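**Q** Going line by line, the protein sequences match chains A and B.
Take any residue in the first sequence, count from 1 to its spot, add 258: that is its number in my numbering.
Take any residue in the second sequence, count from 1 to its spot, add 9: that is its number in my numbering.
One or more hints might be untrue.
[As the list claims (entries may be wrong)] Each computed DSSO-like pair below joins lysine-lysine, with the alpha-carbon atoms no more than 30 Å apart:
id, chain 1, residue 1, chain 2, residue 2
1, A, K387, B, K555
2, B, K469, A, K596
3, A, K523, B, K431
4, B, K529, A, K383
5, B, K402, A, K414
6, B, K404, A, K523
[Stated by the list, open to error] Chain B residues, not near chain A, derived (Cβ > 10 Å throughout):
id, residue
7, R145
8, M163
9, S174
10, K297
11, K410
12, K524
Hints listed in this document are in silico derivations from the structure and should not be mistaken for laboratory results.
What you are looking at is a predicted structure, and each value in this text was computed from that prediction instead of being measured.
Using N, Cα and C, we set each Cβ at its ideal position, and we do this for glycine too.
Residue-level listing of the chains:
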Amino acid sequence: MARSWDKAAVVLCMDVGLAMSNSFPGEESPFELAKKVMTMFVQRQVFAENKDEVALVLFGTDGTKNALAAGDQYQNITVHRHLMRPDFDLLEDIESKIQPGSQQADLLDALIVCMDLIQEETLGKKFEKRHIEVFTDLSSPFSRDQLDIIIHNLKKSGISLQFFLPFPIGKQGGTGDRGDGSLLSDHHGPSFPPKGITEQQKEGIQMVKKVMMSLEGEDGLEEIYSFSEALRQLCVFKKTERRSMPWSCQLTIGSNLSIKIVAYKSITQEKVKKCWTVVDARTLKKEAIQKETVYCLNDDDETEVSKEDTIQGFRYGSDIIPFSKVDEEQMKYKSEGKCFSVLGFCRSSQVHMKYFMGNQVLKVFAAKDDEAAAVALSSLIHALDELDMVAVVRYVYNEKTNPQVGVAFPLIKDAYECLVYIQLPFMEDLRQYMFPSLKNNRKCTPTEAQLSAVDALIDSMSLVQKDEEEGTIEDLFPTSKIPNPQFQRLFQGRKKTIYFFSSHEEGPTCKKLKTEEEEAHFSVSSLAEGSVTCVGSVNPAENFRVLVRQKKATFEEASHQLINHIEQFLDTNETLYFMKSMDCIKAFREEAIQFSEEQRFNNFLKALREKVEVKQLNHFWEIVVHDGVTLITKDEAPGSSVTTEEAKKFLAPKENANADSAAAFEEGGDVDDLLELI
Amino acid sequence: MRVMRKKNKKRALKQVCIRSVYTNKIISSNRDLLAVVFYGTKKDKNSVNFKNIYVLQELDNPGVKRVQELDKFKGQEGKKYFEDQIGHGSDYSLSEVLWVCANLFSDVQFKMSHKRIMLFTNEDDPHGDDSAKASRARTKAGDLRDTGIFLDLMHLKKRGGFDTSLFYRDVIIAENEDIGIHFEESSKLEDLLRKVRAKETRKRVLSRLKLKLNKDVTLTVGIYNMVQKAYRPPPVRLYRETNEPVKTKTRTFNVNTGSLLLPSDTKRSQTYSHRQIVLEKEETEELKRFDEPGFILIGFKPLMMLKKHHYLRHSLFVYPEESLINGSSTLFSALLTKCLEKEVMAVCRYTPRRNSPPCFVALVPQEEELDDQKIQVAPPGFQLVFLPYADDKRKVPFTEKVMANPEQVDKMKAIVQKLRFKYRSDSFENPVLQQHFRNMEALALDLMEPEQAVDLTLPKTEVMDKRLGSLVDEFKELVYPPDYNPEGKVTKRKKDDESYGSKRPKVELSEEELKAHVSKGTLGKLTVPALKEACRMYGLKGGLKKQELLDVLTEHFQKA
């Protein structure tokens, strides 16, 4: 659960100026893309249910509404929403209320407004993080006068920045590991200069780089993203996510040498935090349900006994030994409070990765603002690094937790150096299994041909690109930069369901992009999503899209499967499922246009209309009409014979004249009816 | 799984060994049954009245009493006790010994997944002068094998060497036939213990899965857990009067009607910003479904790209499973050979179960390794290393880098060198578990005080200090300023208090600000200290609770 100490205040600062609406033909405008990224961000915030507060500042607006505006100062900057918990209203605002402006505003002025807003509105409240996210194409002029003051103030007030631009900027280096990293560069994405960029934008890029460099050093450049990068990796919003608590302690070597340290969790498995509560199926209330646990004897009558009449015991081999909680508490092992003590040093090769245990990685730094400690720890880090050795330490988090034995090894990067702590097993945790040798076994010795086939397979499936000249290796598939598909699914799934309960205003799902980068995104994420072999019931619309695009099934086959699901959803006659059906129908329609299968869709929709009448699903049809999902017209696809007029009429309320045709479907038919028609 | 063992002569080693197996079993798998049979004894005690065979303990869960019974044979006194109670005999028939053991197994009513006889002996040719007996023993061993009982030889050091070719090679055609694992004879307790431990734990496969190399090529593998956190066993609830275990039942019922609810009478729900989502239980599970269980190969990366500090959770072990797809072992072996040769790892998408989301894993090749006792210390196969997703990584606020100079680093190197030791993964016992079992033992045996477990995780500071000598002071002189106190907790806290005190007046608010808050209704955003301060400024008497403070202030400004 979110605690008050990791609360963040975030200002979304969006450029809605004139140029943001410009785009190359066939591409989405920066304005639309920025909205999308923001939507994604706010969605995550809403579903994460943390205590973060979000404000929205627009610049380049026709009007002006901000606390600093006076005379000709700070014009065309609008504080659209003050700092508060994000909710569905904010999502709906971003979706529909924000309009492109026809003005230009100074980005740095907008930044000052944002900073002022954060300062004012966080007053007296405790925020762990203050943060501004800027969405702009940098095409508006700005005045540099105040740049240094701005940087100074950002630093002073601990406000961090992230920039989102329509194009990637050339990033060099990155944090760069030493040792394992000198050969590798993790960065990916194109580093060529963005196309069609103006002088003004170039100047803007320089300014943004300067700001970020002076705030965070080399790392700062990592916080400048292109929109497509941001859409690809939801994880760029790390900034506002949970942050590790510092753990202060002393690293001790023997009784006489201690170094003040502070440690943070750097890797730990992120789990879905919210669980499902059990509710009564009829009232949908959880209060209506109660669970109780009873104890009973192991006799024929299963005689119940009260909890007070039971005590705690433990198995010791075949015996069960009564051992009350009080006794246990008194007799159990007690650690002597927090510690990080070196037990000894050994060759790093003796502590193999396969022994790593536990659920976290700690990064251990010297205590803050303590130069002596920093030098002492640095000595240890470099000594271990040069000797290729590691420390084995006893780690106790606090007096209430059990002691661990773990390894601490050095990690040296350009920007920082630290010890990395990972738990090691106790003797009791090890399982020494033996396996038959694969070498001296005639039955499984591969032939030369088999070996060379595998050899070729490995070469053909390399995930790295070697640059012989530079001696670098680029990781083409950095898994640790890919977000967990489980979370994305949760966000998407819940968003859709929730929207249904609130309004039907959501437009058709965003048009698919056709740019190269998007295509790349599609393939990478589908790798992470797993291969879709048929249309399932959880994500039917998406599965359908994947199937027809990857040509894993014929359009006919995939659409049959999809229609089956639509049928099933409608048969439930529950509004919740109508929404899902709508998604399917919309996906069907879009893909049908893409694949020139308009006739198939039109036949389906006609059949659906009949079906809806027979089954009295008027409520559902209202949604179809409301969303304006109609037949595919001539204008949309050349293969169609339907005129716009006809399409409009199709959705119009039915006259009684059609009652005859409805009779043909008497008794509702079964699922196959619709399929037969197409 | 069940294990049983037997022994003749040369007790000292064996006694300790069996006791250790017992206590280990109690900790690791208390459902296993154990028996102890001596052969070549003077007295006899067994169900079929064979000579020279003494069943000390029938197959049963290892418990406190049994450990105590074994303890009686410890040391010099124990030796005498053994002579008195059981005694050494001269003759025996190995086939009869095996017969008795088989009977022990068949006397057990329930199904056993795994039966094993461990034969401790230092006699390499038990029936050298009696070929009839020898052949009967061979036949009996064959019978046992056919009924699924494994026979393991735990041979001990013998003057002139233990020659397995004389007799045992034919008898012990264990499941290890093609494995090529044949232990050397044991002369040290430690070696014997390791061998026994290796044998007594039956491999348990976590799952058998498909590994898809591409669209057409698939092999099957088994997944194994080689490290697994051992926890204190869960407590059992007992009825206070009789100390018998009670059953627990959970019921779900409707508060209003009091009627019991079936699973189908409930749904699952989540609420976000006052909007409720309701799904069937099955649907919530389906949400987690992405893919069929198994591995899908994505590609290969050089081994050196595996980052040690990107550890997510403990690794698993992957070994081919021939039973589902023929040829899996061969293909696996080819893959392993080539990955080792080219120093690459295979990056895969791994879905462990039907309703679990996928994760990225690296299959890191591992070559088979044997130690000088020919015990396998590293099996051949792939380590399954979990790779973190972006969501799992956290950005940490690092401390500014201050580099140590070479002189300081060298001094630390000297310290490090002085405290060198050889790490072994089984060097450390879990003090918490050990103490728990000592406590159990003490309670079970009505001891006054439980034995204190030795905490091996504590640093041996005295030894360390002695080894380091003056190095620590020399290092401190090089690194720490003269007045620096690295333990300096006390001074730090004082400083904190001061800065806290000096911060406080900052929360003062102007009248305009307060008025604005009151009119906008945002007064609640202020902290309690700020509100108190405001009350004080206007001489208002509020309570201690935030709401009281808010009420007083609101009232004041609305009147004004």
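**Q** Evaluate each hint against the coordinates.
**A** Here's how the hints hold up against the structure:
no. : hint            : in the structure
1   : A:K387 - B:K555 : holds (24 Å)
2   : B:K469 - A:K596 : holds (17 Å)
3   : A:K523 - B:K431 : holds (28 Å)
4   : B:K529 - A:K383 : holds (16 Å)
5   : B:K402 - A:K414 : holds (27 Å)
6   : B:K404 - A:K523 : holds (9 Å)
7   : R145            : holds (30 Å)
8   : M163            : holds (14 Å)
9   : S174            : holds (19 Å)
10  : K297            : violated (7 Å)
11  : K410            : violated (5 Å)
12  : K524            : holds (15 Å)
In summary, the structure is inconsistent with hints 10, 11 from the numbered list given earlier, while agreeing with the others.
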